[in-house]
Structures are given as C-alpha cells and as structure tokens.
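Sequences are here, hints too, so could you generate the full structure?
The listed protein sequences derive, respectively, from chains E and L.
In terms of our numbering, the first sequence is residues 72 to 1054.
In terms of our numbering, the second sequence is residues 39 to 238.
Derived by calculation from the structure, the hints in this document are not laboratory data.
Treat each hint with caution, since some may be false.
[Said to hold, decoys possible] Chain L regions said to be covered by chain E (calculated; three or more residues, Cβ under 8 Å):
{"no.": "1", "region": "91 to 105"}
{"no.": "2", "region": "111 to 119"}
{"no.": "3", "region": "123 to 136"}
{"no.": "4", "region": "162 to 172"}
{"no.": "5", "region": "205 to 219"}
[Stated by the list, open to error] Some chain E residues near chain L, calculated using beta-carbon distances under 7 Å:
{"no.": "6", "residue": "L93"}
{"no.": "7", "residue": "Y94"}
{"no.": "8", "residue": "G576"}
{"no.": "9", "residue": "C794"}
{"no.": "10", "residue": "I796"}
{"no.": "11", "residue": "Q968"}
{"no.": "12", "residue": "H973"}
We treat Cβ as the ideally placed atom computed from N, Cα and C, and that holds for glycine.
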Amino acid sequence: MAITYPIFLFLIFSSLVPILSLYEDQVGLTDWHQQYIGKVKQAVFHTHKTGRKRVVVSTELNVIATLDLRRGEIFWRHVLGSNDAVDGMDIALGKYVITLSSEGRVLRAWNLPDGQMVWESSLHGPKHSKSLLLMTNLIIERNNVVVIFSNGRLHAVSCVDGEVLWNKDFEAESLEVQQVIQPAGSNFVYIVGFAASSQFEMYQINARNGELLKHENAAFSGGFSGQVSLVSSETLVALDSTGLILLVISFHEGKISIQHTPISNLVEDAPGPAVIIPSSTMGLFAIRMNAVTIFIRVRGKGMLEVAEKVNRETTIGNALSISEGQQVFALVQHAGRDIRLTVKLAHDWDDDLLKESIKMDQQRGLVHKVFLNNYVRTDRSHGFRALIVMEDHSLLLLQQGTIVWSREDGLASIIDVTTSELPVERAGVSVAKFELNLFEWLKGHMLKLKGTLMLASPEDIAAIQYMRLQSSEKSKMTRDHNGFRKLIIVLTRAGKLFALHTGDGRIVWSRLLQSLCKSEACQHPIGLYLCPWQVPHHHALNENPFVLVVGRCFQSPDALGVLSFVDSYTGKELSSSNLDHSIARVIPLPFTDSTEQRLHLLIDADKKAHFYPKTPEAIGIVRREFSNIYWYSVEDDNGIIKGYALKSKCNSNVADKFCFDASELWSIVLPSESEKIIATVTRKLNEAVHTQAKLIAADQDVMYKYISRNLLFVATVAPKASCEIGSITPEESWLVIYLIDTVTGRVLHRMTHHGSQGPVEAVFSENWVVYHYFNLRAHRYEMSVIEIYDQSRADNKDVWKLVVGKHNLTSPISSYSRSEVVTKSQSYFFTHSLKAIDVTSTAKGITSKQLLIGTIGDQVLALDKRFLDPRRSANPTQVEREEGIIPLTDSLPIIPQSYITHNLRVEGLQGIITVPAKLESTTLVFAYGLDLFFTHFAPTRTYDSLTEEFSYALLLITIVALVAAIFVTWVLSRRKELQDRWR
Amino acid sequence: MAAIVRLLLFAFLFTAPLFSLGSRNGFTINGRVKIPQGFATKGFALPGRMSNVKVILNGGQNVTYVRHDGYFSFYNVPSGTHLIEVVVMGYFFSPVRVDVSARNPGKVHAALTENRRGLNELVLEPLREEQYYEVREPFSVMSLLKSPMGLMLGFMLVVAFLMPKFVENMDPEEMRGAHEEMRGQGAPSLSTSLPRGARN
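Here's what the structure looks like:
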C-alpha cells in the first residue's frame, strides 16, 4: 500500500509534465513540408559550363531562386520583402546573379552556386520611371559593366563590387524610356523612349564614361501607345495611339526615320485595334488583335509583310542566339489536349528547327510564358529545352517531346483553406496497397525494440526509419479512427483548387475552376472564400461532400459574384453560377437542410441579404429562424461598425424570394480623427467549448466563462500611428481595443494602451482574446490577454442550489439579457514580430489550449495559454501553483523545442489553420505561405493513445516474464509447502 | 595585413554607420551580423556560411540579406526609432532598436530590446543557440525500470519475494494485531490476503 501510492503519483505526474518537443528521428513521421516559389516572371538559364545545370528564376511573389534543371528542385531561394518586387535579372561573369528590384532602387548580386549575397547597391534618381537592366559585354578598368536605367537616371555599375562607375540624369520632361540597347560590338548604348506621347527621343551615350554622344528626336502627330518591339539593334516597331497604324522607327547612325503602315494594308479584315507583343527578335515581331496573333516580318527599309496569322492561343518566347547571327525563338500553341512547341529561326519563318507535340493536363490551363534554352548534342546539332509557365502558375520543363519535371507553384499563393473528411472504408473503397500480416508486424516491433535497447546495427536503424516514414497507414484514402487522415482543400490565386492528403501532402486532385477563368462576362475573376457546403453526416453518408467556392469578377467590392460547387472527393465542378449581385460577406449559418447542405447568407454591397441554396426547404428554415439571424459590418475607412437583422423581402423589380432587405439595428461610430480600425477578430464558428465553469481552486470559487458566439474584437489606433514603426512618438500614438456584442451593439469592454501601435494580430477563443501589438515606450512587442467572465451566473456557486435545481444555468443565454461581465487582463513582452496567430482546437475542447504563433522568422511557435493567464502573479500561493499558475515574468518565454516547425521555415508565412482530429488530444496544424507545412500537434501530449514510441515487444516480453515468474513462484511455493508439511 | 583590414573596418564602422543622403531625406543603416566561432558548429547555420541570414527592418517593412562578411545595409530609412530583427535558423537574436536622426549623423544609438544592453556599434550577435530537437537519452537500465512495464515487474518482484520475508520476520503478536486492525477497517486489500496465502 505504502509502496503503490508513490508509484501511482509518479505515474500521474510523469504524464502531466508537458513536453511537446520532437526527437530528431521523428521528423517526417507526422509532418510534411513543401517548398514553392510562385509564378515565374523571368528565367535565365545557366548551362554553359560543365557541372550542374541550373535555371535562375524570379517570380511574382518576389522570390529569387535557382532550380536544378534535371529535377526541378530548389538549390537556393531568397524571399525579398513585400515591396521589393524584382524588375530585372541576369547572370554576370558566369557566377553572379544580378537582380534589380524595388522599382529600380536596389541592385543586388548573388553568388550563383550558394545564393550568398555578394554586394548590394542603392540607386537613386530624380523621378519615377520604368526600370531596365542591360548586361553589357563592356569592360572598364577590368570591371564588367551592367547598365541600369531606373528612376530617370542611367547608371553603369561594376559587376564585381557593385560600385556605380558613372550615372547620367534624363530629366527631360516626361521621357518614357522604352528600351536600352547596346549594338553588338560597340561601346555606346542607345536610350530610346517617348516624350509627351507624340515625340520619339533617342540618346546615344558613351558606355565608358556616360558622355552624351547624340540626342535626336522626331515628332509623330498620331502619338504612340503601348509597348515596343525591337527588330534590330537600331530599329523598333511601335503602334500609334489608335492601335491601327504600325510604325517602324529606325535610328541608324543617329538619324531617325519613322515609316507608318496601316495594319489594314497587311491584313484585309483587321478586326480592330492591335497590341504589340513585346519581343526583341531580329526582323520579326508579333501583334495581337482580339484572339488572332499575327507575325510580321520586317524586310529591308521598313517593308512589312505578314508571315503568318494564327487563330489559336499562342505564346511567344524570348529570342535566343544560337550561333553568330542566328536567332531562334519558341512558339507554343494549344491544339486540343496537346500543346505544340515550335522553335523557328528568326530570319527564316518557313523552316522549323523543332516541332514537338506534348500531351498536357487540361487542369493546367493555357501557356502563359515560354523560356527557351539550347544545348549542343553529340552530333553537333542543336537541341532545345523550354521552360513553360502555365495559367495555374505551374512550371514545367519540356525536352525531347516530354515533360521532364513539373512544379505546382500555384500552391505558393493560397487564398483560402478548408478541410474535408475522406470516404468511410467500405468493401471496394479500400485503397491500401498491402496490409501487414502479424509476423511482419511483430518483426517490425522486434526491430524497434532492438533500436531502443541500442542493439541495432546501422542497417537496422535505416530499416526502422524507412518503416516509420513509409507506413502505408498514414496515406490511405479512407477515414481512420483517430481522424488524422483528411483532405486539405486549398484555393489558389490562379483559381485552381487542390486537394492535399494530410498523410504525406500529395495532391489527390486539382482542378482549374472554369468559373474563375477569364471569360466574356467575367474579365478578371478572383477567388475569395472556400466554405464547406455539404458535409454528409448521418443519413446522407453515402453522398460526397461538397465545397463552395466564392469569387468575384474583379477586384472592387461591388463586382458581381461567382459561385462554384465542387465535389471534395473527385474535384468535379458540379455547377457554377454567375450571380446578379455582388458579394461583400459570406456568412455560413448554423442550419442545414435535409441533404446536409449548409445554409449560407451572402451579403452584397447594397446590404441586401441573399440566401443559398435556393431551395423551398431553405426558405422554410429561413422563415422559421427569421428573427434569429443577425450580422454586422465593419467599415474600416469611416470607422463605423453596424449591426443588421433581416427586415423584409427585397423591393426590386425582379421577384426573388431568397433576397431580403436588412434593417440597421445599431451602429458604433468611432471618431475618425483619433481612431482608425486596423483589426477585427471573431471566434471561430465551429469551436467546441467543453465547460462554461472555471474552478478557481484558491478560494474554492467558480467563475463562469462568458461564452458568446457574437463577440467581436476591434482594435483601433491613432490615424497617425497606422503607418510603420519608427515614424511616430509614443505620445501621439495609442491603441484602443473594444469587445462588442454584435447582436445588440453593446460595448462589453474598452481598453486603451497608450504609446502603442499596430500592426495588431489577434485570436479569439472561448472567453478570451489574445492580441499582439507594438509598445513604443518600451520599443518592444507586447502580447495581451483579456478574459471575460459572466457575473450574473456567479451566484450559482452553492452546490445545494445546483442539487435542488434552483439555479439559472439552464435558462437560455441571450445577448439581450444584458448580463454583467467582468474582464481580467494582463500584458507581457514578446520578442518577435508576428505574421499570424491561431489557437489549437480539439474535438471536444477538453484539452488545454496552446497558441500557435507565426513569427517573423517564418517559424511556428507553440505557446501554452497558461503563460497568458491574467491570474498570473509574481508570487503565486501554494494552491495556485498546484492549479498550474506560472509565476509572472515580464516577457513570454521562447523555448526552441516548442517550435512545431522544428528546423524548417514556412517561408512567406500567411496563415495557420488548426483542425481538430477525432482524437481529443490531437489537433492538425496546417501553416501556409510560400511553403506548406503540416503536422499533428498534441497540446498536452497524447494522453489518449499510445505514442509511436510505445514498444509492443517490450510489453509482450514483460507479460511473458510475469507468467514465467508466476509459474516459478507457484512451483517454489508448492515445494515450500511440501517441506512445511514434512516438518 | 589583417590588422590593417580590421582597422579599416573599424574606421568604416565608426565614421559611416549612419550617413545622410540628402536628396530623399533618407538615411542608411549599416551594420554587421556576427556569429562567433565559439558557438558549436552543430547548428543549422555554420559560422562562415552566411547565405541565409535575413535582416528585417520594422517587422517586414524592408528585408535584406547579409554579405559574406556579415555586413548589411538598409537604404532610405526615414529618421525615427526603428527595430531591426535578425533571422537565422539555429540562433536566437534579440531585436535591436536603432535611433536614426539628422541631428547626430554618424553615431549609432542602438540597444538590444531583450536585455536593454546598449551597443556602440551595430554588430549583432546571437544571444544563444537554439536546439529544436529534444536530445534522445541513451539507453539505460534505469529508464527501462522506470517505464510502466519495469515498474510492474519491480512491484511484482517486491510482492513475491520481499513481502513474505517481512511477514516472516514479524512478531506473531504484532501480526495478529495488524490483522485485527485491518479487519476493523474493513478494507480487504492485497496485503491482507497475500500473507495468509503465503502462510498456509
């Protein structure tokens, strides 16, 4: 008895100490990490030398990366700041990557093999202009020179150390620079551009010292429009302002001549104004009219002739010199399910160097960009490879008629995420390739035991690791008991949906949504939200779940909306519709119809409410719940928060019984001269709360959490303080936070943090909100917690009242009951800036919570909520300590082992999503940005299942040993008994 | 030679850490990230390999990388008090507050925000290394014994071999007394049934 008690205690306490960390060999068991770069904007090949062939790319997400040309893997990658878009890029000296970024203000050189930054220069100029980068073959004082035109100034920069050798201003009024050209073998550059929209300007500059050699201009009364195409080093082609006349501008030896040719002279049935596709192919250029692409050759002195008219979707690649005076370029055309890659010589249209037809996945859409590269085959003929960028932002390498590799870089720009359950396992549904038999299972566990007893050889260890990582269990396509296997459905900016398996992160299906593709009715569609539409539970279990994709036709909030319904198992688009109203907000209602379709309320820009699905049953539910539907709107610009309820059917001329007018119930107007809304947060709709009561052990007291789904957290700052850190003093900045009930408009709590400013990141869960902001006085980041308790229930403390039933706990909770609330609050310093914050969510809400903090270093840190408890004090009493209250410290601890991303980075972190597993102890965490990261996370360890560490073999051995011991003692006791009898 | 280089570096640090550019009323912040050799090389960023050291101004307003010698620069920074954060996997850096003003160009006002230590030159060093993984303890007999199975075995052994010994060594009078007491409590427990079984 005396022995068992301490053992029992020991067992309990050993399981209570939360250790969340990971052993190094556990990496990859439950987590996966994928790296992406985004839609490629520019690509430069580096294949000259022997060694690893690579391609350097810059993307629309401000990434510079080098990829392995054999497999498409990333060698190195740098993510520049959000306002540091890459304008130009090239390779210098065969070992440096030169990038021009930040609207031509920053020039950097990176070491090609390892990505180390070599030098960085800041370029300035008098005014904003187009930024152009030109690699010259000029050498000044043993320095290779790169010429940059940016911000109205021409710079010559040394490639070796980034030193600016000379610069020259072009302050001529409104000079719009179009091209910087260096004719081959010369030591001067041409700067050509338009001034005052009807004047062509040409400057000839000595590239050695920046001296102006010649300046000519010529006026053209028709004006210029759009971009230009370079057809030789001293000739370019432009269009007049109507887009109907082609202008061939030649500036040979400083003499400008403009020849104009109406397009109608070349093409009989010209359908309308044309645009030039910018290129720099010798003697050839292309224009596009509606969907028709026309290739035009330039012969001799401005003679134009049509080479070909193409009706299909065509993409033209860059020009590439393969030998002295020979230029080739690539064309990609769509032909049904195939794409056709053609490589042509610039001076000989009729001869194709290469013609390949490649089968292409229809879900990749159209080809957007082509980058051509050549190699010399063993028989000295030219071979070509092409890097193509597709409509869904994916990147593919084509060579010898096949796709060598492809990268799904659309996943780098995720707009919204939702999850879906997998199908239930049934006969015929199982996708598992093989099930382990008992012998293999035991063998595996014996191996593991060997591992724990340190008896395993290196081969055994490798076998164990392989076995753990390749467990077929985790990547099956059916539901599991623990709820670990799910589909993560993501909507990307390209309008493509992907379903990723939580087990190994593979793409189960992907679909380019037709409704989010460019069409006549919808010119620039963008995706907005992804909601679970139909989640079959009980009676509709055999049906597939559906997700609802909400989009709008263009960026502005009053654009018409687009809806699309997609099957989550197969990715088939069931239906889609272009709406006749805009979408300002989507509110999933807590009601479902008989087929488990969730009712959604779409609020348009005119504050009208539209119900979906449009079925009679849905309208019946709406009528029943008419008075229980409330919503709110936040107008950031004017600082007004308004609450609404349904009023009556719409008074529009079209009879639409699913459309309702809203009545404004309340409004809160914040003084615009002193407060500007910067953040609003509400609770997650599907959050489970286990208990309302919170026992305060210190005085045997019960506090009741104020749990309401209608609470809104609003943070405002002084209008001056809404910009970046460093531009404002603490005296003129403040942060005000509000807790507002969105049904009644009642402000439950208001608090001011003086000398603080945004950005504010906040998370709302149960009865507390945690927010992160910058304290200017201490010049550190701070995190605060507010907990809200319900006082009106506080008199239910008496147990007898509960027993007799004289309590008010079963009385319905209403926002109108005006209950007394008490708030408690505390603040702590936090080291890092934040990119995202979320909280773990578990199936029943019993497990204590941890905050998931996406730090500026793109890592995800798990921080126990107990560190953010307003009841923390410097010296907690013994009772409080037992309850788990941590002594107060001024800053929150950062424990490296509690980074759930361990030694990985989720570059460009944007959001963290937590989804409860069926197992109460575990939550699934998905962090996304440029990279994707997924892991299982147990906030207080897995107390409800055996860990992966558990050794079944050891258990078996113990049982065998126990049985043997029982047998031995039995024999011994028999013998002893016999001896006693004999005595 | 090395001394000259160091001298030059010092001169650079002291004369031009902050200098005005005039034209766009911006300043340049120059600094250096230094990962001392003393830190174990087991980390994720080896000393000497600085290709992935990111320096962030004001929570993402500007992002830059360091050169191979650890130097970095922010251009066109307006005057005011700024915050610089350094991100290197495997190391913990304190954010640094930097005051930039036109009144005293060429002087650094910098302080680590974590421990409020002032810096007279903008050389940023990690406060500590970060180990992201728990270190697996080597196998020991104790850990095996501490596991539930070990405890089970141990307890069984104690009960099977030590308990009879205790019981045997007990005074019969005392034993009877203990039995009486237990019966009085009315709690039939393991210890009451075991010795009897051992006796008969």
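Query raised in the report: Which earlier hints can't be squared with this structure?
Result: 5, 8, 9
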